[in-house]
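Engineer: Sequence:
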Amino acid sequence: MEILLTLTYAAIVYVIFKVFKVPLNKWTLPSAVLGGVVMLGALILTMNYNHPYTEDAQKLVVGIPVVPQVTGVVSEVTDKINTPIKKGDVLFKIDPARYKAKLEKLEADIVTAKHDVLALEEKRNSARLQLEQARAERDKYYKNYQRYQKGSQAKVNPFTANDIDTARQDYLAQDAAMNAANAELNSIQKELDSTIHGQNSQIASLQAQIDEARFNYEQTIVRAPSDGYVSQLLVRPGTYASRLPFKPVMVFIPAQKNQIVAAFR
9 MEILLTLTYA AIVYVIFKVF KVPLNKWTLP SAVLGGVVML GALILTMNYN
59 HPYTEDAQKL VVGIPVVPQV TGVVSEVTDK INTPIKKGDV LFKIDPARYK
109 AKLEKLEADI VTAKHDVLAL EEKRNSARLQ LEQARAERDK YYKNYQRYQK
159 GSQAKVNPFT ANDIDTARQD YLAQDAAMNA ANAELNSIQK ELDSTIHGQN
209 SQIASLQAQI DEARFNYEQT IVRAPSDGYV SQLLVRPGTY ASRLPFKPVM
259 VFIPAQKNQI VAAFR
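To convert, note that position 176 of the sequence shown is 184 in the working numbering; the numbers rise steadily by one, no gaps.
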């Protein structure tokens with residue numbers, strides 16, 4: 009800025025000397041130089057006085073507090089402190105035993121549930137067969153009962169009242185058996201029809217639990233979210249790490265451009 013002002017003043021003085029044909033002598037030349045020194049000095053001092061300045065400036069770095077998604081005892085911690093690391097590098101590990109056990113239990117449960125569904129389908133097929141048999145028996149007893157009723161209306165009744173009542177009771181008993189078989193089939197079918205997005209509800213529930221358990225198991229290994237370095241390490245192997253948001257286990261500094269922060273006045 010000072011050079012630009014000096015060159016501008018020199019150009020103005022040159023134009024004045026040329027346009028007004030001011031002679032160069034021991035008075036004009038020193039006056040032009042001295043006037044430039046005074047004017048430029050006053051202008052620069054005024055600019056510096058009114059220009060914002062600060063006596064306190066700091067380098068700003070954005071840090072990421074690292075908080076685990078799961079709780080447990082820390083089994084392994086990185087030894088790369090204030091050393092550049094790559095995205096995905098392991099920062100620390102939490103003992104995965106209980107999370108692995110839960111995942112394996114749920115995986116076993118869903119296998120059992122799938123077998124239960126297959127067994128339920130076989131039970132439904134058996135119930136359908138029993139219903140058909142019960143319906144056939146009911147129809148047979150109904151025809152027999154109708155035969156007894158028609159016989160009782162003839163001029164000469166070949167059946168006794170006890171025979172007719174027995175036939176009626178046999179028909180009603182078989183009709184009740186058919187209704188029970190039908191109710192059993194409907195109950196089994198409702199269990200099979202209980203679905204979520206086309207999947208058996210029990211299996212869907214277990215699958216959701218497996219997904220959550222697998223996520224928790226994977227979160228026992230905490231990795232670097234980006235390129236950067238660990239600046240503060242607050243845990244050691246054996247430390248119990250929790251999910252408290254205000255209690256990070258370390259501070260990770262991602263790779264970033266340098267920023268200077270200051271309060272100007």
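Since the hints were made in silico from the structure, they are not lab data. Because the structure is a prediction, the values reported are computed rather than measured. It is possible that part of the hints are untrue.
Below, in silico cross-link-like pairs of lysine to aspartate or glutamate (EDC-like), each with a Cα-Cα straight-line distance of 16 Å or less [claimed, not checked]:
| # | residue 1 | residue 2 |
| --- | --- | --- |
| 1 | Lys148 | Asp178 |
| 2 | Lys101 | Glu84 |
| 3 | Lys122 | Glu199 |
| 4 | Lys151 | Asp183 |
| 5 | Lys148 | Asp183 |
| 6 | Lys101 | Asp124 |
| 7 | Lys108 | Glu226 |
| 8 | Lys131 | Asp219 |
| 9 | Lys108 | Glu220 |
| 10 | Lys198 | Asp87 |
| 11 | Lys158 | Glu145 |
| 12 | Lys158 | Asp171 |
| 13 | Lys113 | Glu220 |
| 14 | Lys95 | Glu192 |
| 15 | Lys110 | Asp219 |
| 16 | Lys113 | Asp183 |
| 17 | Lys198 | Glu115 |
| 18 | Lys108 | Glu199 |
| 19 | Lys151 | Asp173 |
| 20 | Lys265 | Glu220 |
| 21 | Lys110 | Glu226 |
| 22 | Lys198 | Glu129 |
| 23 | Lys151 | Asp171 |
| 24 | Lys122 | Asp201 |
| 25 | Lys151 | Asp178 |
| 26 | Lys101 | Asp183 |
| 27 | Lys131 | Glu192 |
| 28 | Lys94 | Asp235 |
Engineer: Determine for every hint whether it applies to the structure shown.
Structural biologist: Checked hints:
1. Lys148 / Asp178: Distance ~10 Å between Lys148 and Asp178 Cα, so the pair holds.
2. Lys101 / Glu84: Answer holds: Lys101 to Glu84 is near 5 Å, not above 16 Å.
3. Lys122 / Glu199: holds (13 Å)
4. Lys151 / Asp183: Since the Cα atoms of Lys151 and Asp183 sit roughly 12 Å apart, the hinted pair holds (cutoff 16 Å).
5. Lys148 / Asp183: holds (11 Å)
6. Lys101 / Asp124: Distance of about 37 Å is beyond 16 Å: violated.
7. Lys108 / Glu226: Cα-Cα ~9 Å, so holds.
8. Lys131 / Asp219: Violated, at about 30 Å.
9. Lys108 / Glu220: holds (12 Å)
10. Lys198 / Asp87: violated (58 Å)
11. Lys158 / Glu145: violated (20 Å)
12. Lys158 / Asp171: holds (13 Å)
13. Lys113 / Glu220: holds (13 Å)
14. Lys95 / Glu192: violated (58 Å)
15. Lys110 / Asp219: With a Cα-Cα distance of about 11 Å, the restraint between Lys110 and Asp219 holds, given a limit of 16 Å.
16. Lys113 / Asp183: violated (46 Å)
17. Lys198 / Glu115: violated (25 Å)
18. Lys108 / Glu199: This hinted pair is violated, its Cα atoms lying about 31 Å apart.
19. Lys151 / Asp173: holds (14 Å)
20. Lys265 / Glu220: Answer violated: Lys265 to Glu220 is near 37 Å, above 16 Å.
21. Lys110 / Glu226: holds (13 Å)
22. Lys198 / Glu129: holds (11 Å)
23. Lys151 / Asp171: Answer holds: Lys151 to Asp171 is near 14 Å, not above 16 Å.
24. Lys122 / Asp201: holds (14 Å)
25. Lys151 / Asp178: Satisfied, since the Cα-Cα distance of roughly 11 Å is no more than 16 Å.
26. Lys101 / Asp183: violated (67 Å)
27. Lys131 / Glu192: With Cα atoms ~10 Å apart, Lys131 and Glu192 stay inside 16 Å; holds.
28. Lys94 / Asp235: Holds, at roughly 4 Å.
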